[in-house]
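Generate the whole structure from the sequences, applying the supplied hints.
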Amino acid sequence: AQTVTQSQPEMSVQEAETVTLSCTYDTSESDYYLFWYKQPPSRQMILVIRQEAYKQQNATENRFSVNFQKAAKSFSLKISDSQLGDAAMYFCAYKGYSTLTFGKGTMLLVSP
Amino acid sequence: GAGVSQSPSNKVTEKGKDVELRCDPISGHTALYWYRQRLGQGLEFLIYFQGNSAPDKSGLPSDRFSAERTGESVSTLTIQRTQQEDSAVYLCASSIGQGGTGNTIYFGEGSWLTVV
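Protein sequence lines correspond, in order, to chains S and W.
Mapping of the first sequence onto this note's numbering: position 65 corresponds to residue 65, and the numbering continues sequentially without gaps.
Mapping of the second sequence onto this note's numbering: position 52 corresponds to residue 52, and the numbering continues sequentially without gaps.
Hints are not guaranteed to be accurate.
[To be verified] The calculated DSSO-like cross-link candidates involving lysine-lysine, where the alpha carbons are at most 30 Å apart (straight line), are: (1) W:Lys15 - W:Lys57; (2) W:Lys11 - S:Lys104; (3) S:Lys55 - S:Lys70; (4) S:Lys78 - S:Lys104; (5) S:Lys73 - W:Lys15; (6) S:Lys73 - S:Lys104; (7) W:Lys57 - S:Lys104; (8) S:Lys55 - S:Lys73; (9) W:Lys11 - W:Lys57; (10) W:Lys15 - S:Lys104; (11) S:Lys55 - S:Lys78; (12) W:Lys57 - W:Lys17.
In short, the hints are calculated from the structure, not lab data.
Every value quoted in this text rests on a predicted model; they were computed, and no experiment measured them.
Structure follows, in structure tokens:
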């Protein structure tokens, strides 16, 4: 079974600064996808960024980028120029052949 | 509809009662997922439907939980004889395509269940 581990229950960052959220996973599959989702207090799960395992190039979406290290099974999320609206719970997720497996989440706090 | 729709958004029920939670996926999405999220916790997989294939029920926590899906549309999650530990947000999600794809999975806003 696949597992996803987020070792940081909570992270803090100041506005305009950069923060990195960690995620590691365990799988025996060779083809899979990785995602970061954001969940604000509204509970809505919002897709932030996705990465195909077969692609070596790290995915980037505006201020959000990932550092995907396939051999190390690591998938960290970097948020640049942090904004107050980035404050939320962030979940790392893995999708292989079947379902989507989530980590336990990292709460990101953003201070002015 | 434009997104995944879930109802009710909030439900308070007495311990021992049965509840039904409904999910309307995005039109054309063949894959449908149910997750449970307890307060302050991550998402716990419950069940996965893919087209006409047999559903993956491996995440259902007990035989009090069941789910059905009508073709490739509406799904209902039923919890029988509810217990206080069933209190959680129940999230539904859908996506195009089968397993093995990385198609974006879209989530509904969830049904918040409180068992008193």
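Sort out whether W:Lys57 lies within 30 Å of W:Lys15, counting only the CA atoms. It holds: about 24 Å lies between the C-alpha atoms, which stays within 30 Å.
Decide if the proposed pair is consistent with the structure: S:Lys73 and S:Lys104, CA atoms, cutoff 30 Å inclusive. holds (17 Å)
W:Lys11 paired with S:Lys104 [C-alpha distance capped at 30 Å]: holds (25 Å)
Satisfaction of hint between S:Lys70 and S:Lys55, Cα-Cα up to 30 Å: holds (10 Å)
Is the hinted pair S:Lys55 and S:Lys78 satisfied, with a Cα-Cα distance of at most 30 Å? Measuring from Cα to Cα gives roughly 18 Å; hence the hint holds.
Holds or violated: are the alpha carbons of W:Lys57 and W:Lys17 at most 30 Å from each other? With Cα atoms ~22 Å apart, W:Lys57 and W:Lys17 stay inside 30 Å; holds.
Is the Cα-Cα distance between W:Lys15 and S:Lys104 30 Å or less? holds (28 Å)
Does the alpha-carbon distance linking S:Lys73 and W:Lys15 stay inside the 30 Å limit? Roughly 43 Å between the alpha carbons, so the hint for S:Lys73 and W:Lys15 is violated.
Would you mind confirming whether the straight-line C-alpha gap from W:Lys57 to S:Lys104 stays at or under 30 Å? It holds: about 21 Å lies between the C-alpha atoms, which stays within 30 Å.
30 Å limit on alpha-carbon distance, applied to hinted pair W:Lys11 and W:Lys57: holds (24 Å)
Does S:Lys73 sit within 30 Å of S:Lys55, going by the straight-line distance between their CA atoms? holds (14 Å)
Hinted pair S:Lys78 and S:Lys104, Cα distance within 30 Å: Holds. S:Lys78 to S:Lys104 sits at ~18 Å (cutoff 30 Å).
In this structure, only the earlier hint numbered 5 is contradicted, and the remaining ones agree with it.
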